[in-house]
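Colleague: One-letter residues, chain by chain:
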Amino acid sequence: MSPAQLPPPGWKVVIGLETHCQLATSTKLFCGCANQFGAPPNTQVCAVCSGQPGALPQFNGEALELGLRAALALDARVPARTKFDRKHYFYCDLPKGYQISQYDEPLCTGGGIALAGGKFVRLARIHLEEDAGKAIHDRGASSLVDLNRAGVPLIEAVTEPDLSSPQEAHEYLVALKEILQFAGVSECDMEKGSLRCDVNVSVQREGGPRGVKVEIKNLNSFANVVAALEHEIARQVQLVEAGGAVQQETRLFDADARVTRTMRTKEDAHDYRYFPDPDLPPITLAREHVERVRSRIPELPAARRQRYMAALGLSEYDARLVTQSRASSDWFEAALRHSDAPKELANWLNNEVAALFSEPASGVRTLDELPFKPFDLAELVELARAGRVTRAGARTILRAMLARPLAPRELMRELGLEASNDAAQLERWCREALVGRDRIAADVRAGQDKALGALIGPVLKLAGGKADPVAVRETLLRLIRTP
Amino acid sequence: MSRSGAEPFADRALERAPERTLEQALARVAEFNGRLGAFASIEAQRARAIAAAQAEVEASAQPLRGLSFAVKANLCWRGVETNAASAVLAGYRAPYSATAVERALASGATPLGVTNMDEFGFGSSGENSALGPTRNPWDLSRSPGGSSSGAAAAVAAGLVDFALGSDTGGSVRQPAALCGVSGFKPSYGRIPRWGLIAFASSLDCVGILAREVERIERVLAALSGEDPRDGTSLAEPPLTPLAPRSLRGLRIGVPREHFEAGVDPRVAQCVRAALAHCEREGALVRELELPHTRYASPCYYVVASAEASSNLARYDGVRYGARVEGDGTLQGMIEATRSRGLGPEARRRVALGSFVLSSGYYEAWYVHALKVRRAIARDFERAFESVDVLVGPTSPTLAFELGARTEDPLAMYAADVLTTPASLAGLPALSTPCGLVREGSADLPVGMQWIGPAGADALVLACGAAWQRASEHHRALPPLHASASAS
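Chains as they are written, first to last, in this note's numbering: chain A, 1 to 483; chain B, 1 to 487.
Calculated directly from the structure, the hints in this document are not laboratory data. There could be a bad hint or two in this list.
[Stated by the list, open to error] Here are the simulated BS3-like pairs of lysine-lysine, each with C-alpha atoms no more than 25 Å apart in a straight line:
#	chain 1	residue 1	chain 2	residue 2
1	B	Lys-371	A	Lys-134
2	A	Lys-87	A	Lys-119
3	A	Lys-87	A	Lys-266
4	A	Lys-87	B	Lys-371
[As the list claims (entries may be wrong)] Chain A regions said to be covered by chain B (calculated; three or more residues, Cβ under 8 Å):
#	region
5	53-59
6	374-386
Fair warning: this is a prediction, and the values are worked out from it, not measured in the lab. Glycine is no exception: its CB is placed at the ideal position from the N, C-alpha and C atoms.
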């Protein structure tokens, strides 16, 4: 069954997502260890996060701030009080034999995300919890455990079963990631494992009774969420159509084989024995505190897009591209402080600068890696807009900016790309290009303006990037039409 | 008998030159410990190094300068084996020190070693120890009580000036009573729990044992005060002792239930005599009721075991302590480590605690116990509307023979029936000696328990100190005592 047929005709698909997202705090949730990806194994570990006897958790207020930001950015209800609970299970990467999480008094309830098509995906809750360490089983006879990640703060956002296709799930995740990034809650970098997903999915015949829910755990990319859902939906539909019944169970997605496999059935489901953590007093969430957090939330992507369109005149397309990440939007706004031309700036950012990232020769893949600053781009755009340099010339300067730390203006002079304002020189280039192209000139004279293109090219070539195409066009028309 | 008046207590131990007496103290511990089993380890070299470092500091900056003490085996002491008397932590050297240990050291007190205990605090006799039992200096065939068994025996035998213990349901007060010394469980959170190996986090308190209550006041002043590393520590500065007072005008409530079924009549009589003495000193004594007292013990064993089952989950053999490989799988290793490493009573509490937290039983057991816990706390609140302190026996019995209760967990659990109520309510409670009872060829001490309102630690200690100024019971020494030492 191909993805295009999902949900299959006559079937209804019900999907709910649980998204774990690492908070961008400087330290872990209950100790002072650094919350930083990529350090050598077991170098960001202390008595608390390694579960030493007698060590006690100390709650990190920064995690509460970021958790509340997430709650408020997603329009959730923040209660007057929240508390931590212990969730028990044994595994080698879980130092205390329990995870500190939240059970019946989560950080917030309700809220949600509006998808582009108008559907509102409701959130059931968001809770705070600590991450486990990392177990490595493929290095010889013994397993290895890295506790750097143990105790890193997470929020888990749980949706209601409101999604009805893998595509909707994907759209929800993209929107969630955008919001959390813009609100400064999380980097949401899947490569670093800072965003992970569990999905719940069931299928039912249109108008039929509700299907049996299957959980697929630990999906570490949006593509895997979509692929796992597609395969699981197909599996369930085929199973039921063949007269079988879906079992309530937890499955794992094998990204290489692109299938889901049983991890545990309902019978051996864990009893986590949740109870309130006696080491952590409940947290009172005073209204004033919550409102102060709200005032610190940066402008969110939807609001930015609206503003870019309404106040700056960007097209929806450009506004969407500029706001595709917090980094891009912030970069745009930094450049904007040095420019009066938001539309041109967005155009350059979305086209010329974005093009650099797909050119291997450029050596840059993200805005972070650009050797020049937003105001440099603003200056270049301004040069092009004022006609000081042609678009082709500006493209050449942009590439030169990657190699040399000079202002666009200086590069323009050095490379001799300053657009010529010398009308006599322009006329000489045009006359030269017309030589031997009488047929084309005749076509233009006969009213076929399109033919002019075949003349402009040779002029620009002769001018070596210094001629402005608009001026070339005007000059050519004047020369051809003037007998 | 009485030595009334309110002159301040002169702690002669504070005037000793620590360097000179340290060697004598260490020698006495080495000499006595073979018979007592009070110390799990004697840390002579470390004690010398600490004393030498302390001697470099201005004495006036060290309010406990010159006092020797002992550390219960469940309080982390950096670099020292801190195994809570459990085989599962055999060889575990704490990578950091508990707040209580840190503060005692900074105050100039010198630790001589680590004391024996019931494994993780699970017991009232000292017999649930992977290190072997501790004996009562009043009669070596008897238990010193528990779980701070070694701490109480060491103080009673005069081997240390004070001892750090821990009290979850009576583990400082009960052994203090059975060994004829004073033992104080502060208000919950008064002394930070950082570095106290957890038994039941909502009940665990670091406690202090010493012969004189005024010494406990001094030590408490040094150990108390908020610690940001313990989110449940009281947000208050270190406690300053109250000015010495007498018992005159003190309103003492006597809970009828604390003298009822299960209390040895000789113990009850001894405490009643002490109360009569208090009345002669001017105290206003009246009986009252704490109607939920009889639910305290079952409530305690549900709540404490639930928390214990969770707190002991970290002993899985993965990161530290003793590992038993089992069948070679991860789950097999964890099962084998816990089955072999945890003693029978620890396994019983883990099983009980896991049961009361399991789905389907949680509401009926754990949540129900929390409601009872609140009812018990309300009993106390009502009582303290009309009295200043409550007084009754600390232990329902005298020190019992070693082995007498090891086969009967419920009989063992009955030992803390009078101490668990104050633990459940988080109240400050003190046991002080109030007399001796002759049994066979031995004189056995009786302790009286002073319970105060939440946060009124200073009041409880001031009452205990007043009692000791008015009485001589705390001066009675056991047959096995360092003052009789040849060295």
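Colleague: Run every hint past the structure and note whether it holds.
Modeller: Structure-based check of all given hints:
no. : hint                    : in the structure
1   : Lys-371(B) / Lys-134(A) : violated, 39 Å
2   : Lys-87(A) / Lys-119(A)  : violated, 34 Å
3   : Lys-87(A) / Lys-266(A)  : holds, 18 Å
4   : Lys-87(A) / Lys-371(B)  : holds, 22 Å
5   : 53-59                   : holds (count 7)
6   : 374-386                 : violated (count 0)
Checked against the numbered hints given earlier, this structure breaks hints 1, 2, 6; the rest are met.
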